[in-house]
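Trainee: So the sequences go chain by chain: A and B. Going by this note's numbering, the first sequence opens with residue 1, and the numbers climb by one from there. Going by this note's numbering, the second sequence opens with residue 1, and the numbers climb by one from there.
Be careful, since some hints might not be right.
Unchecked claim - Simulated pairs of lysine-lysine, DSS-like, Cα-Cα distance not exceeding 25 Å:
{"#": "1", "chain 1": "B", "residue 1": "K38", "chain 2": "A", "residue 2": "K9"}
{"#": "2", "chain 1": "B", "residue 1": "K54", "chain 2": "B", "residue 2": "K5"}
{"#": "3", "chain 1": "B", "residue 1": "K37", "chain 2": "A", "residue 2": "K9"}
{"#": "4", "chain 1": "B", "residue 1": "K5", "chain 2": "B", "residue 2": "K37"}
{"#": "5", "chain 1": "B", "residue 1": "K5", "chain 2": "B", "residue 2": "K71"}
{"#": "6", "chain 1": "A", "residue 1": "K57", "chain 2": "B", "residue 2": "K5"}
{"#": "7", "chain 1": "B", "residue 1": "K56", "chain 2": "B", "residue 2": "K71"}
{"#": "8", "chain 1": "B", "residue 1": "K5", "chain 2": "B", "residue 2": "K56"}
{"#": "9", "chain 1": "B", "residue 1": "K68", "chain 2": "B", "residue 2": "K37"}
To be verified - Computed, partial: chain B to chain A, Cβ under 10 Å:
{"#": "10", "residue": "P95"}
{"#": "11", "residue": "F104"}
{"#": "12", "residue": "T111"}
Don't read these hints as lab results, they were simulated from the structure. All C-beta atoms, glycine included, are put in the ideal place defined by N, C-alpha and C.
Chain by chain, the residues:
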Amino acid sequence: DSGVTQTPKHLITATGQRVTLRCSPRSGDLSVYWYQQSLDQGLQFLIQYYNGEERAKGNILERFSAQQFPDLHSELNLSSLELGDSALYFCASSAGRGAYEQYFGPGTRLTVT
Amino acid sequence: DQQVKQNSPSLSVQEGRISILNCDYTNSMFDYFLWYKKYPAEGPTFLISISSIKDKNEDGRFTVFLNKSAKHLSLHIVPSQPGDSAVYFCAAIRPSGSARQLTFGSGTQLTVLP
Chain A
1 DSGVTQTPKH LITATGQRVT LRCSPRSGDL SVYWYQQSLD QGLQFLIQYY NGEERAKGNI
61 LERFSAQQFP DLHSELNLSS LELGDSALYF CASSAGRGAY EQYFGPGTRL TVT
Chain B
1 DQQVKQNSPS LSVQEGRISI LNCDYTNSMF DYFLWYKKYP AEGPTFLISI SSIKDKNEDG
61 RFTVFLNKSA KHLSLHIVPS QPGDSAVYFC AAIRPSGSAR QLTFGSGTQL TVLP
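This is chain A alone, in the form it adopts within the complex:
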């Protein structure tokens, strides 16, 4: 158990809908990262927040957005969903500014039908 929690574990929704994925980092970790794992793209970095502020952006679509709240939990919002958005979405966390090791949650499996 990494100490990172993600809800829900599974999500099935229709095209055009909007969903919110939630992540709670390990106790004391300030950075939260979101990654997408799809069959054809592997594990891809989406976005990083550090202590409430966006720090890095990867291959994140404009239909997707995220935020980190004062209690350090994070939410990833996916809107206007398309079939191709079906994937595993992982959250990871790491400690302070000098930390490199990231610890991953169990993931949310999103299926868009």
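Fit chain B to the supplied structure of chain A, relying on the hints for placement.
Mentor: Frame of chain A; chain B shown alone:
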């Protein structure tokens, strides 16, 4: 453009022998490297890491070697155990301020045969 490459999609090893997983990278700005193990339907689990200022790091049965001139790293598992069967990902970080995003390779499926 794949900046981190794992050219072997799969590897089979006998229990008790050494497993060697390889990884190559192209971006010379990467300065920290990590290995993760992943079981199906679970998140990646951190195994071991190495800074670019070192050429070897060891933790129990796991050793990571880094050859900066060749832009190559490898993970050695000795002795291999059936529970080590999983997909192994190497990942690299090019830090920029407090940005620490991981760039992953495509993974190698390790099967340890009893």
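Trainee: Provide an ascending list of the numbers of those earlier hints which the structure does not satisfy.
Mentor: 12
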